[in-house]
Amino acid sequence: MRVGIGLPGGIPGASGTMILKWAAKADDSPFSSLAAIDRIVYDNYEPMAMLAAASAVTSRVRLATTIVVAPLRGTAALAKTAASIDALSGGRLVLGMAVGAREDDYLAAGVDYRRRGRILTDQLAAMREYWEGDTIGPRPVRPGGPEMLVGGLSDAAFSRAARYADGYVHGGGPPRAFGRAADRARAAWRDAGRPGLPALWGQGYFALGEGTAERGARYLKDYYAFTGPFADKIAAGLLFSAQSVIQYIRGYEEAGCSELVLLPTIADPSQFDRLAEAVASL
Amino acid sequence: MKILILGGGPAGLYGAALIKKTHPGWDVSVIERNPHDATYGWGVVFSDRTLGSFREADYPSFREITSHFVIWDAIDVRYGGDSIRCGGNVFAGISRKILLMILQKRCRDVGVNLEFRRDLAPADLSMRRNYDLVIAADGVNSLVRRSFAEHFKPDLVYGKTRFAWLGTRKVFDAFTFSFRRNEDGLFQAHIYPNDGVASTFIVQCDLETWKRAGLDHATEAQTVAYCERVFADDLGGQPLLANKSDWIAFTTVSNKVWRYENIILVGDAAHTADFTIGSGTKMAMEDAIALAAAFERYDTNIDAALNDFELERRPVVDGIQRAAAQSNLYFENTSRYEHFEPLQFVYYLLTRSGRIAYDELRRRDSSFVDAVDRWFYGKTTGSSSLNRRLIAPPPMLTPIKLRDMRLENRVVVPCEPDSSARDGVPDEAWCAGFGDLAASGASLIVTQPVAIAPDARITPGCAGLYTGDHAAIWSRLTALVHDNGARIAARIGHAGRRGATRSRRFGLDLPLREGGWPLPSASALPYLPHGPVPRAMDREDMDRVHDQFVRAARMADSANFDALILHFAHGYLIASFISPLTNRRDDDYGGSIENRLRYPLEIVDAVRAVWPAGKPLGVALSATDWARGGLEPADAVAIVSMMKNHGVDIFDVLAGQTTLESQPVFGPYFLTEFSDRIRNEGRVATMTSGDITTTDQVNNIIAAGRADLCIMEPPRLNAHYRIIGSDTHAGEV
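Residue numbers (my numbering), protein chains in the order written: chain W, 129 to 410; chain E, 27 to 759.
One or more of the hints may lead you astray.
[Said to hold, decoys possible] Part of the chain W face toward chain E, derived, beta carbon under 7 Å:
1) 158
2) 173
3) 174
4) 267
5) 270
6) 287
7) 299
8) 301
9) 318
10) 321
11) 323
12) 370
[Unchecked claim] Here's a subset of chain W near chain E, in silico, CB distances under 7 Å, partners left out:
13) 242
14) 272
15) 283
16) 312
17) 316
Quick caveat, the hints were computed from the structure, so don't treat them as lab data. Just so you know, even glycine gets a beta-carbon here, dropped at the ideal spot from N, CA and C.
The shape of chain W in the complex, shown without the other chains:
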């Protein structure tokens, strides 16, 4: 299993310089990827823009959206942005897509929230056509275009991952929850007659260092406030010690995860170093 780290651009107040410094450390770290999360109605950076910037200061790590809320974007434009990042980064983009769960984002984007599933399905079906076609460039460096992942917990999500994508990305939670989702993703994949196994990505949030746990939890409660009581649950899952990070990593590995992304909750470069230290001890 590989371990990636999230970019801090999902946290309010993160400066552009800091995000780039954070990203620039990645090539010389134990992390395999830099990841970005997505929403519109919040004080955060647009994930595709952030990954494009990260591609300029890195040359090794993969650049992943975990996830981008695809229906909020026009399909052709999203395909073109993805192909551009892929070309700029030398084929390092991993495009994780899902419907998200925030109606306010859809309202702001002028997209019908109730049609989100249908839209995502159509987008997934069209994405490779754009990448492999001759009319819309640039041509992705990676054959067939960027690696695609699909997120979500509905049966439809697992179907989409098996039908259109290269794998599945889970939304986060205890390893057992990931394991159950991974079982379903694998079942859908084999049922579809796809060769090999799907890529299985997991996620978790961390805040490392004296007195950071509370700040991290506060951010998660704020970020996930739209989920009502579930925000507390997500905050309760925060990894706040090197030990809990390692246990989490082991649990995910055991559950068959291929790449685990740990997302920061505090926009401070020392968080990168602390996580790198914890991961390096494995």
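Mind docking chain E on chain W? Use the hints.
For chain E alone, coordinates are given in the frame of chain W:
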């Protein structure tokens, strides 16, 4: 802290006592609608594990409870004139009334305010403002849940069986299931001792049986008299006793959230689980323990405590509800298994909820599982010296014979999907992987769909069986399999409108950009909205494909395949005739199910005619289209019933993929429930698949008669058992 608890059942009383005990300074009150000594129902049961948690939570009430308990460790099943006992299931029963008395007393001892005979109206709930916390323990019909439904977002599902809580003075010494059939239908009794003098006696039947028996308009006395007749042999002359014994449909309650502002739902108000797994009171009391523990940890921090409570209890409750749903499904369809011999019937009953499988049951009662093994082995081998046999292999390792093909065990492995073939000839690298399959220990290998003609291929990289070259390559591979003592089945088919697509490495059903070919189908409906439109087959097309199937069958025989499976599933060519979603023909091959099956059966007949009589023929079938207006499992049962008369020996039960609109459900064993139904209603042999990865699962599926063969997926990369380094012990992590 001021805490109000609505409802004086097990969850409310136990929660009140536990919270007050750890926070003597808090003001804890319980309001109950009924008088303190009124209770309906008979007994409740707890597992030994639940008892352990009572002991830890509150010793004084535990001591009282256990002094009134009866404990047993056996489950008796009375079925078809036999009575079979399975041990190792420690349960304890107590009368519900005594339990409530103990909990009331405990509440009084620790200083909880108890108020009985106070019925609240919706308007009264505004008093929640006077409390820091309101615990809604007001039962399955919870007023609180109904009043704040827009916040809790409850979901209520009503069961399809009817049941009545009765009792008897006859003392049973074990949890007893009794199955009795009369002219109206099948009746089940769930019987368990409450104490030394009485037993709870729940009678259940399906809706049709209930109506035929006239129980839908029976008085309580008539219900009692009827049930006494049905279960006369179990009652041994003792009468049945009623106590508010109305016939009810079970309501499964779940809520999107359990907490709203200062209200928390607990017990039946928050969640119920089908009574057939007997977990209602257990869940209620475990809720109370978790809630009190959360307040012990977080004291007056209500947010943290309630969050902790829900985090702790959600996954447990979800698991119990999943198991309960499976158990309910079994009791809705018990008559499907009435042709089972007693040991298998009991095995299925004990493993119905999915919580206990083969290995766990063996741990509980190895002699019972040994008996199942011996019976199963004797049944499949026709061994007459069964009684003298000391040991028998587990069901997975029993042989099975299909026509003249003998398989040494019940495990089947699939070939890896291949997209590297050229002109139908598999490439060398893929062929090299065959050795591993052959040596895997599985008794049978099944190929991926092999094309019967160039235009029958799914992708240009699909293997074929339509030229002499193909037959030669397959001969080599089948020889490799045979050298390893295994057998091999060819799944042959025609992709139909799902043909001419790119490699599945990048996804399904991506049409070829160039080099595509015309696609035939039952009707001119494209698989993808903007995909290539197939042509509706005319008689000439049908004759050609028919001949291609026959040719492929002959080649399969000459290549020494041991079995042949016709791929009639997943929306491929022949499937397009079977499903009403894809067959819009107005000739003799469209419309009724008989018409839609006409062409598939012509192919079965033609293939059977050239396929050696000693070799088995299978059909892969979609048991459901998973789409509105499509095939349902009941249709699939009808289809297999027709096909088995045409010489089909086994069905490879698949589902979905008929159209893009299919909405599959990917749970554990997700295809096995269809195999189960088709096998046991259609009375045919089946093989099942769907993420089956452990020998425990295979033993369980085979022993329970849910399938005859299991297609097992290759082991996961990150299995628990692995070598993690040269200097550590192999296999231990």
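Hints versus structure:
Hint on residue 158/W is violated. Least Cβ distance to chain E is approximately 19 Å, over the 7 Å limit. Given the 7 Å rule on beta carbons, the hint for residue 173/W is violated: about 30 Å separates it from the nearest Cβ of chain E. The criterion of a C-beta within 7 Å of any C-beta in chain E is not met by residue 174/W, whose closest approach is roughly 27 Å, and the hint is violated. Evaluation of the residue 267/W hint against chain E yields a violated restraint, the C-beta minimum of about 14 Å exceeding 7 Å.
The interface hint given for residue 270/W is violated, since its Cβ lies 11 Å from the closest Cβ of chain E, which is over the 7 Å cut-off. Annotation: residue 287/W was flagged as interfacial toward chain E, and the flag holds, the nearest CB pair being 6 Å apart, inside 7 Å. Below 7 Å, beta-carbon pairs count as interface contacts, and residue 299/W has none with chain E, the closest being about 16 Å; its hint is therefore violated. Taking 7 Å as the C-beta contact cut-off toward chain E, the hint placing residue 301/W at the interface is violated, the least distance being around 10 Å.
Annotation: residue 318/W was flagged as interfacial toward chain E, and the flag holds, the nearest CB pair being 6 Å apart, inside 7 Å. Against a cut-off of 7 Å between C-beta atoms, the interface hint on residue 321/W holds, since the closest Cβ of chain E lies about 5 Å away. At about 4 Å, the closest approach between the beta carbon of residue 323/W and any beta carbon in chain E falls short of 7 Å, and the interface hint on this residue holds. Evaluation of the residue 370/W hint against chain E yields a violated restraint, the C-beta minimum of about 21 Å exceeding 7 Å.
For residue 242/W, the interface hint is violated, the least distance from its beta-carbon to any beta-carbon of chain E being 17 Å, above 7 Å. Because the beta carbon of residue 272/W sits about 5 Å from the nearest beta carbon in chain E, less than 7 Å, this interface hint is met. Here the hint on residue 283/W is kept, as its CB sits about 5 Å from the closest CB of chain E, short of 7 Å. Annotation: residue 312/W was flagged as interfacial toward chain E, and the flag holds, the nearest CB pair being 4 Å apart, inside 7 Å.
A cut of 7 Å between beta carbons decides the hint on residue 316/W: the least distance to chain E is about 5 Å, and the hint holds.
Hints 1, 2, 3, 4, 5, 7, 8, 12 and 13 from the earlier list are contradicted by this structure; the remaining hints agree with it.
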